[in-house]
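Work the whole structure out from these sequences, hints included.
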Amino acid sequence: MPLFENSNIRLSASILWNLSLLSLGAFFYAAGAQCIVAKQGFLTGGVYGTGLLIWYVTKFLDPPTWYFLLNIPLFALAWFRVGRQFLLYTAYGVFMTSVFGDLLGGYVLPIRNELYAAVAGGALCGAGVGICLRSMGSSGGLDVVAIMLRERWNIAIGRFSFCFNAVLFLAAASFMALDLIIVSIIFVFISSFVLEQVIGLFNHRKLVCIISDKGKAICEAIVKIERYGATLVHGRGAYSGSERELILTVTNNIALKRLEHLVFSLDEHALFIVENTSYVSGAQFSRRRYR
Numbered sequence: 000m001p002l003f004e005n006s007n008i009r010l011s012a013s014i015l016w017n018l019s020l021l022s023l024g025a026f027f028y029a030a031g032a033q034c035i036v037a038k039q040g041f042l043t044g045g046v047y048g049t050g051l052l053i054w055y056v057t058k059f060l061d062p063p064t065w066y067f068l069l070n071i072p073l074f075a076l077a078w079f080r081v082g083r084q085f086l087l088y089t090a091y092g093v094f095m096t097s098v099f100g101d102l103l104g105g106y107v108l109p110i111r112n113e114l115y116a117a118v119a120g121g122a123l124c125g126a127g128v129g130i131c132l133r134s135m136g137s138s139g140g141l142d143v144v145a146i147m148l149r150e151r152w153n154i155a156i157g158r159f160s161f162c163f164n165a166v167l168f169l170a171a172a173s174f175m176a177l178d179l180i181i182v183s184i185i186f187v188f189i190s191s192f193v194l195e196q197v198i199g200l201f202n203h204r205k206l207v208c209i210i211s212d213k214g215k216a217i218c219e220a221i222v223k224i225e226r227y228g229a230t231l232v233h234g235r236g237a238y239s240g241s242e243r244e245l246i247l248t249v250t251n252n253i254a255l256k257r258l259e260h261l262v263f264s265l266d267e268h269a270l271f272i273v274e275n276t277s278y279v280s281g282a283q284f285s286r287r288r289y290r
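With numbering that gives the first Met the number 0, you'll find the sequence shown wraps up at 290, consecutive numbering, no jumps.
I should point out that these hints are in silico values taken from the structure, not numbers from a laboratory.
Where a beta carbon is used, it is the ideal one built from N, C-alpha and C, also for glycine.
Careful: at least some of the hints might be erroneous.
Pair by pair, the computed Cβ-Cβ distance ranges are [stated by the list, open to error]:
1) 94 to 276: 31 to 39 Å
2) 176 to 60: 22 to 30 Å
3) 108 to 261: 46 to 54 Å
4) 72 to 219: 53 to 61 Å
5) 188 to 233: 21 to 29 Å
Here are the simulated BS3-like pairs of lysine-lysine, each with C-alpha atoms no more than 30 Å apart in a straight line [as the list claims (entries may be wrong)]:
6) 205 to 223
7) 256 to 205
8) 38 to 58
9) 256 to 223
10) 213 to 256
11) 213 to 223
12) 205 to 215
13) 256 to 215
If you want it as structure tokens, here you go:
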């Protein structure tokens, strides 16, 4: 297992892999934004949504160009606040999103129903942003500002995005029909849901907590046989007052039953607790870096 995990870490750190993820994510996002959202006349939210609103009002330039231009001051603001590696990868993501947006601008996906368009567009855009965030960069826009605000003032990314989109949709209400605003909100919710699913797609792990009198033996077996790391914590039973040992380890769905069998083969009275985790980073697992 460590060899497999280490190979994943090396892959996630390679430049080609990160650029490939950013290119694929940019294509999906541009397809959803330009081939569906822009053609239906509603908003995506975020910086691209701001570009769409400006384009709807002025008919000057196009949304991909506005997206690129609006990201320039954001990058200048974040240059000394966010890691250079993250910003350079993100700059590539912004550039590719704008390029694909221009290339796909002439295509229209034949979806007539606005609700269906919000579902399809939200799925494409959410998948695109999620794929970009699987790299060491992002697709730009609010991601850059949100990370800067989180690191400096500990402002939650989701809260900032919600407030920004609320202001954007209120501003759009002066120029757009209420039906389009509602469809835009549906689009944002679907996009956010798909985004979370894509980010956690390959990061889902099982956090296993084992309470036993034979913690040391179980730990040694986990490290030797399963080749996973484990942490041993000493404790005391609240009711019995007897010594207990708590083992914490992280595994996956495939190895979970094997681990359970291993634990009960060593201590049939052990307590085996499993929690789902949506994201694991660090140690033998790949880690996202902003610096």
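Taking 31 to 39 Å as the stated bounds, is the beta-carbon spacing between residue 94 and residue 276 within them? 34 Å Cβ-Cβ, so the 31 to 39 Å window holds.
Residue 256 paired with residue 215 [C-alpha distance capped at 30 Å]: holds (20 Å)
Please check whether residue 108 and residue 261 have a Cβ separation lying inside 46 to 54 Å. Holds - the Cβ-Cβ distance for residue 108 and residue 261, about 51 Å, lies within 46 to 54 Å.
Distance restraint between residue 205 and residue 215, which requires alpha-carbon spacing of 30 Å or less: Distance ~21 Å between residue 205 and residue 215 Cα, so the pair holds.
In this structure, is the beta-carbon distance linking residue 188 and residue 233 contained in 21 to 29 Å? Taking Cβ atoms as reference, residue 188 and residue 233 lie about 46 Å apart, which means the hint is violated.
Please verify whether residue 213 and residue 256 have alpha carbons no more than 30 Å apart. holds (19 Å)
Cβ distance range 53 to 61 Å for residue 72 and residue 219, holds or violated: holds (56 Å)
Against the 30 Å threshold, does the CA-CA distance of residue 256 and residue 223 hold or violate the hint? holds (17 Å)
Decide if the proposed pair is consistent with the structure: residue 38 and residue 58, CA atoms, cutoff 30 Å inclusive. holds (13 Å)
Holds or violated: residue 213 to residue 223, with C-alpha atoms at most 30 Å apart: holds (16 Å)
Starting from residue 205, check that the Cα of residue 223 is at most 30 Å away, please. Holds, because 19 Å separates the two Cα atoms, which is no more than 30 Å.
Cβ-Cβ distance between residue 176 and residue 60: within 22 to 30 Å? holds (23 Å)
Comparing the model with each earlier hint shows a violation of hint 5 alone; every other hint is respected.
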